[in-house]
Amino acid sequence: MRWSIEQIPLRFRAAAAGVCLYLLWPVAHAPQWQWQSLWQSEAETAAALAPLLSFYTKYGEQALPALQAQLELNKLRDLELSLIADNAEFSDQSRDDNWAEATEFMIAHVAQNVSANELRIYDSECRNNLCRIELAAPKGLDAEFRALVLNYAATLKAGDLEFNDLQEGKDRIMLELKSDKRLQYGFFAERALKPAEREQWLAEVKAWLGTQQNNKK
Amino acid sequence: MAWHPTKQQKVAAVYFIAGFLVVAAIDGLVRLMLPKPAVLAPHPALSKAMSRQDVSLQQWNQAAERLEEKRKLSRL
Numbered sequence: 544m545r546w547s548i549e550q551i552p553l554r555f556r557a558a559a560a561g562v563c564l565y566l567l568w569p570v571a572h573a574p575q576w577q578w579q580s581l582w583q584s585e586a587e588t589a590a591a592l593a594p595l596l597s598f599y600t601k602y603g604e605q606a607l608p609a610l611q612a613q614l615e616l617n618k619l620r621d622l623e624l625s626l627i628a629d630n631a632e633f634s635d636q637s638r639d640d641n642w643a644e645a646t647e648f649m650i651a652h653v654a655q656n657v658s659a660n661e662l663r664i665y666d667s668e669c670r671n672n673l674c675r676i677e678l679a680a681p682k683g684l685d686a687e688f689r690a691l692v693l694n695y696a697a698t699l700k701a702g703d704l705e706f707n708d709l710q711e712g713k714d715r716i717m718l719e720l721k722s723d724k725r726l727q728y729g730f731f732a733e734r735a736l737k738p739a740e741r742e743q744w745l746a747e748v749k750a751w752l753g754t755q756q757n758n759k760k
Numbered sequence: 152m153a154w155h156p157t158k159q160q161k162v163a164a165v166y167f168i169a170g171f172l173v174v175a176a177i178d179g180l181v182r183l184m185l186p187k188p189a190v191l192a193p194h195p196a197l198s199k200a201m202s203r204q205d206v207s208l209q210q211w212n213q214a215a216e217r218l219e220e221k222r223k224l225s226r227l
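Protein sequences appear in the order of chains A and B.
One gets our numbering by counting positions in the first sequence from 1 and adding 543 to each.
One gets our numbering by counting positions in the second sequence from 1 and adding 151 to each.
Keep in mind that the hints were calculated from the coordinates and are not lab data.
The model shown is predicted, which means the values in this text are computed figures rather than measured ones.
We put the CB at the ideal spot given by N, CA and C, even for glycine.
Do not take every clue at face value.
[What the hints assert, rightly or not] With the Cβ distance kept under 7 Å, some of the chain A side facing chain B (calculated, not the full set): (1) Gln579; (2) Ser580; (3) Glu677.
[To be verified] Facing chain B, from chain A, some residues (calculated, C-beta under 7 Å): (4) Ala557; (5) Ala589; (6) Gln605; (7) Asn660.
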């Protein structure tokens, strides 16, 4: 006999839905800092709170909206840092088509023109801010070839591609280059990084800084 | 014709609300039972603001330090 959710009485399903609704409510959990007090002694908690309390004692209640706003901005920054860490490796990255196509074109162009066709590219691929170039090196990484590669890398550096890694293969080398461009994320990550409230948080911090400056005058 | 809930639907609605309220009560109790740092007691406004954010003490301190840095920079 096949199991169906309708075998659970409706009243229990309704109760479970009510429980789920509460648990999915964003404010439904005791804050993390309160849980911390469970494993920290009173003295440890007081020490951990000292910078915040000294800030609050100095600026009072009028700093609270700016403090909350800064906290939200810090959360966004932490999220961006974790996304940057997730995209640290070439294999982890997705492709930013516009940048990747333009950069692959530049890589091929530089190889042809700067090194006077002495460098042979087997393959080049750019993703989000990393590019991998496979260069033919039949004699290995000898002094002459090294000078050629260094000259090539220096020219690419002028085009915003910094040297990141070099791996030597049997008859080829793999050159990895990194750009300091902003990483392009997926739709949901971009939306999480730029919520509608972001401008409001920035304005609150700015307003508080303005008030502080006026108080000094 | 106006819609009238059946008795079964009314019972389900009561269970839905009861499920929500029971977990809310448990959550409220957990919040009450969790210790609050004694140093926060003289600062109810700060304590109230802190209870709205599910972050660690370290993140609160970082926010305060960042604001202090911004204030110093804005004065330059």
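Take the shortest C-beta to C-beta distance between Ala557 of chain A and chain B; is it under 7 Å? Since chain B brings a Cβ to about 4 Å from Ala557 of chain A, closer than 7 Å, the hint holds.
Does Gln605 of chain A pass the interface check with chain B, least Cβ-Cβ distance below 7 Å? violated (10 Å)
Does Ala589 of chain A pass the interface hint, meaning its C-beta sits closer than 7 Å to a C-beta of chain B? This interface hint holds because 5 Å falls under the 7 Å limit.
Tell me if Asn660 of chain A is really an interface residue toward chain B, meaning its C-beta lies closer than 7 Å to one of theirs. Since chain B brings no Cβ nearer than about 51 Å to Asn660 of chain A, farther than 7 Å, the hint is violated.
Using Cβ atoms only, decide whether Ser580 of chain A comes closer than 7 Å to chain B, and label the hint accordingly. holds (4 Å)
Interface hint compliance - Gln579 of chain A to chain B, C-beta minimum distance less than 7 Å: Since the shortest Cβ distance to chain B is 6 Å, the answer is holds.
When the least beta-carbon distance from Glu677 of chain A to chain B is tested against 7 Å, hint result: violated (43 Å)
Checked against the numbered hints given earlier, the structure breaks hints 3, 6, 7 and satisfies all the rest.
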